[in-house]
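6 protein chains.
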Amino acid sequence: MPIATINILEGRSDEKKEKLIELVTEAIHQSIDAPYQGIRVILNEMPKQHFGIAGKSAKKLGK
Amino acid sequence: MPIATINILEGRSDEKKEKLIELVTEAIHQSIDAPYQGIRVILNEMPKQHFGIAGKSAKKLGK
Amino acid sequence: MPIATINILEGRSDEKKEKLIELVTEAIHQSIDAPYQGIRVILNEMPKQHFGIAGKSAKKLGK
Amino acid sequence: MPIATINILEGRSDEKKEKLIELVTEAIHQSIDAPYQGIRVILNEMPKQHFGIAGKSAKKLGK
Amino acid sequence: MPIATINILEGRSDEKKEKLIELVTEAIHQSIDAPYQGIRVILNEMPKQHFGIAGKSAKKLGK
Amino acid sequence: MPIATINILEGRSDEKKEKLIELVTEAIHQSIDAPYQGIRVILNEMPKQHFGIAGKSAKKLGK
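Chains as they are written, first to last, in our numbering: chain A, 1 to 63; chain B, 1 to 63; chain C, 1 to 63; chain D, 1 to 63; chain E, 1 to 63; chain F, 1 to 63.
One or more of the hints may lead you astray.
Here are some of the chain F residues that sit facing chain B, going by a computed Cβ distance under 10 Å [claimed, not checked]:
no., residue
1, M1
2, I3
3, T5
4, R40
5, I42
Keep in mind the hints are simulated off the structure, nothing from the lab.
We put the CB at the ideal spot given by N, CA and C, even for glycine.
Chain A with its partners taken away, still in its complex shape (with noise of 0.2 Å):
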């Protein structure tokens, strides 16, 4: 009954996306032994100005 939150920031394809929850999805499965039917994941888009990083947002920083 593992629930994942995995903040990205924005700009990623749909496709890619959904990549991201085949794996980790996967990925938790296989080290925990959780059956995947209870595995959820929630990603959460940051626009790049909403990222700060050493006190600099990814907007600045010119990620």
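Position chains B, C, D, E and F relative to chain A; hints supplied.
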């Protein structure tokens, strides 16, 4: 002083979300005797391609 | 498929926390027509020195 | 290596949000001696109808 | 620079939790081409009485 | 009405954590003009084996 964060799939009306805030606040108040004034509720809407169930997004599952 | 996370100060009985899970689930079900089976509730207990209100911890404030 | 997530109501300028990232990072660095390089800050903007205070949304309360 | 938070029921060995961190990091790297160095994983263990499924705690459900 | 959640590695003194609450609250107040009274700060301590950097736990990395 409880703080609840509720992840829901996007698509509910403002009226239903207002009801959600009201009823969850009431539920917290009743169950643990927390004063209304201190209760906070944060709603977070997830696009269907951002919520994964058993390795597939709600969008792909046709939810 | 809603997922609620509720931060509360530590110190409630298991009975009250069980009631909290039950009533919040019921509140989500009623307000947005989410099926019971899909609702998840995570409780997170905060020690009083880990929750700050207006710049001071609940411990320091004597809560 | 601290990671801070800050929920704020939507409507602040990019300049204020950049300042928020800068000052919170500085505050974490000063208080617990965490190196700047390892500090991450995530901002999450809430629409007024998604934040509940004492059972009503900030929108309904006219905030 | 993705940051994942994973809620799991308490009781797994340190070895399995280390494997969870390793495999989830690998899954994020593979699916969205995020560099290893920037990936963070936070594990959060829930006591069985703090996780509710369909209105009852995992403890009460005998999980 | 901002709500900040800060994940830190366990091991800091209560005095440093009180300072963290104080300075982060001040930083939020200064940067976005939020009134002190409405600011909440939640600290979440992570055991070293529960925080992963680039695929390994802080414990394994000897942090």
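Against the structure, the hints come out as follows:
1. With a least beta-carbon distance of about 8 Å to chain B, the hint placing M1 (chain F) at the interface is held under the 10 Å criterion.
2. Because the closest C-beta pair between I3 (chain F) and chain B is about 6 Å apart, less than 10 Å, the hint holds.
3. The interface hint given for T5 (chain F) is met, as the beta carbon of that residue sits about 9 Å from the closest beta carbon of chain B, less than 10 Å.
4. Here the hint on R40 (chain F) is kept, as its CB sits about 7 Å from the closest CB of chain B, short of 10 Å.
5. Among the interface hints, the one on I42 (chain F) holds; its C-beta lies about 7 Å from the nearest C-beta in chain B, closer than the 10 Å criterion.
The structure meets every hint from the earlier list without exception.
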